[in-house]
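Chemist: The letter at position 175 of the sequence shown is residue 175 when you use this note's numbering, and the numbering goes up by one with no holes.
Don't take every hint at face value.
What the hints assert, rightly or not - BS3-like mimics (lysine-lysine), calculated; alpha carbons at most 27 Å apart, straight line:
#, residue 1, residue 2
1, K282, K255
2, K65, K3
3, K255, K330
To be verified - If you anchor each label on the Cβ, the simulated ranges turn out as follows:
#, residue 1, residue 2, range
4, G153, G74, 54 to 60 Å
5, A218, P132, 34 to 40 Å
6, G153, G364, 48 to 54 Å
7, G74, P323, 26 to 32 Å
8, R235, P132, 20 to 26 Å
9, A108, K3, 24 to 30 Å
10, V134, W331, 46 to 52 Å
11, G74, E34, 19 to 25 Å
12, P323, E378, 38 to 44 Å
I should point out that these hints are in silico values taken from the structure, not numbers from a laboratory.
Glycine is no exception: its CB is placed at the ideal position from the N, C-alpha and C atoms.
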Amino acid sequence: MFKKILVANRGEIAVRVIRACRELGITSAVVFSEADRKSLAVRLADEAYPIGAPPVKESYLVAEKIIEMAKKCGAEAIHPGYGLLSENSAFAQQVQQGGMVFIGPKAADIRILGDKVEARRLAKEAGIPIVPGVEFPSGRSEADALGEAEKLGFPLLIKAKAGGGGKGMRQIERKEDFPSALKLASSEARSYFGDGSVYLEKYLHRPRHIEIQVLADAHGNCIHLGERECSIQRRHQKLLEESPSVAVDASLRQKLGGAAAALAQKAGYLNAGTVEFLVDEKKNFYFLEVNTRLQVEHPVTEMVTGLDLVALQIKIAAGERLPFAQGDVKWNGWAIECRINAEDPAQNFFPSSGKIDVYREPAGPGVRVDSGVYQGWEVGLFYDSLLAKLICWGPDRAGALARMRRALEEFRLFGIATNIPFHKALVNHPRFFSGDFSTFFLEEEKGIMDGSEAGLEVALIGSVLYKELKRGESRLRQAAATLASQWKGEARRAALRQW
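Could you build the full structure based on these sequences and the hints that come with them?
Modeler: Below, the structure is given as structure tokens:
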């Protein structure tokens with residue numbers, strides 16, 4: 001086992017890895033930018049090393065600085081977390097060449113499966129259905145691309161060949177919108193991934209986004225840990241995830257899990273990864289892509305399986321065998337995760353920054369918070385807006401939702417705007433509660449997005465009233481009266497009772 005691991009990331013995932021290291025008796029080191037000097041990860045790590053200015057291109061994306069610090073502190077391995085350099089095959093190769101272990105897939109795995117076109121080819125060879133699509137390398141003419149698009153038919157998706165997370169992705173409904181969307185998608189892909197190549201993909205009607213967690217060791221063992229439901233998305237960014245999925249029965253789970261494991265084995269995959277699928281209304285499934293890293297939403301899988309995925313990543317990287325077989329994996333209950341972001345739902349989810357004046361996490365049975373912030377922390381605009389993840393477990397979906405509602409009510413985070421009000425409205429929505437949703441859900445139920453739902457109204461009013469109190473003003477009723485023309489009377493009265 002490793003004696004020291006360097007964490008090449010920030011925020012809640014850096015904290016998560018540091019805690020796993022401590023439980024395994026491993027010394028943890030973390031790198032940080034100037035903006036993160038007082039971060040929770042720096043406070044918790046055994047050692048911390050500066051790597052540059054706040055912009056990621058001057059700090060967290062500079063592989064040479066990270067590897068230099070890892071060598072300097074005597075780390076035997078580097079954990080990349082998710083995002084940043086986690087799916088950069090060149091970085092994984094540099095870590096290996098530097099005499100250290102990259103805690104994740106082999107560089108070749110990242111390069112092949114991170115290339116969406118190559119991953120689709122492998123999936124097809126493995127007999128896995130794929131969504132109809134076509135590659136469009138950077139440099140081909142716009143006319144050629146339009147011709148391919150017309151063959152596929154509209155609506156369709158333009159997606160970055162070399163990355164994910166919604167970057168370089170555009171949904172096109174009409175032929176007239178295609179040329180401009182192609183330019184924007186290619187430019188964004190080049191900016192984020194250094195490659196402007198894209199591919200075109202047929203857009204399915206009301207699909208669900210279902211992903212399968214896989215684990216593979218260096219001894220030929222490969223298993224899956226079931227599905228995660230990731231259909232609640234805004235602009236292709238996941239907001240809430242759960243495991244299992246209301247749309248997946250035992251038969252479909254076996255098919256999806258078998259397909260994911262088969263693809264991982266065909267690619268010779270190592271460590272943790274996620275195979276993503278689209279599932280239509282008739283339960284037909286299609287391969288979407290592979291994420292060659294730990295996912296943001298991994299806690300829901302941990303909650304229903306009882307496994308520690310980060311600890312397993314570390315053990316696999318150290319050469320250990322998986323301590324269980326596929327038949328040993330058991331799923332218990334239901335888990336739901338809400339991503340708590342520094343975004344203002346009343347302002348079209350505009351990023352929020354500033355000092356966190358009040359921070360109190362919910363607690364109690366079945367409630368977990370993975371956070372990278374604390375009371376007094378200054379939230380900037382240099383990085384992703386994710387502040388924390390609220391995960392709730394219950395014996396069934398109704399129980400998990402009941403706990404989530406309670407936990408969201410208990411969560412106190414003031415000083416900046418967050419999307420907690422959005423989540424309150426979402427988990428109280430009758431369609432979501434019944435399981436009747438797809439990746440189109442937020443487009444179909446715009447009330448959740450624009451603040452017309454009562455739960456969102458109450459929470460937003462509460463935030464405004466808190467700011468009034470914080471300024472030392474005694475005009476509580478006046479503040480509420482000012483909002484009368486904007487919000488329904490019942491929401492106003494509920495907020496007054498609460499405060």
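Chemist: Against each hint, give a clear statement of whether it holds in the structure.
Modeler: Hint check:
The straight-line distance between the Cα atoms of K282 and K255 is roughly 14 Å, inside the 27 Å bound, and the hint therefore holds. Taking the CA atoms of K65 and K3, the gap is about 21 Å. The hint holds against a cut of 27 Å. The hinted pair formed by K255 and K330 meets the criterion: a straight-line CA distance of about 17 Å does not exceed 27 Å. Remark: the range hint 54 to 60 Å for G153 to G74 is upheld by a beta-carbon distance near 57 Å.
For the pair A218 and P132, the beta carbons lie near 36 Å from each other, so the given range of 34 to 40 Å is met. For G153 and G364, the Cβ-Cβ distance of about 50 Å falls inside the hinted range of 48 to 54 Å, so the restraint holds. Roughly 28 Å separates the CB atoms of G74 and P323, a value that falls within the hinted 26 to 32 Å. Distance hint check: the CB atoms of R235 and P132 are about 23 Å apart, consistent with the given range 20 to 26 Å.
Between A108 and K3, the C-beta spacing of about 27 Å keeps the proposed range 24 to 30 Å intact. At about 37 Å, the beta-carbon gap between V134 and W331 misses the expected band of 46 to 52 Å. One distance hint, 19 to 25 Å for the beta-carbon pair G74 and E34, holds here, with the actual separation near 24 Å. About 42 Å separates the C-beta atoms of P323 and E378, a value consistent with the hinted range of 38 to 44 Å.
Going through the hint list in order, the structure does not satisfy hint 10, though it satisfies all others.
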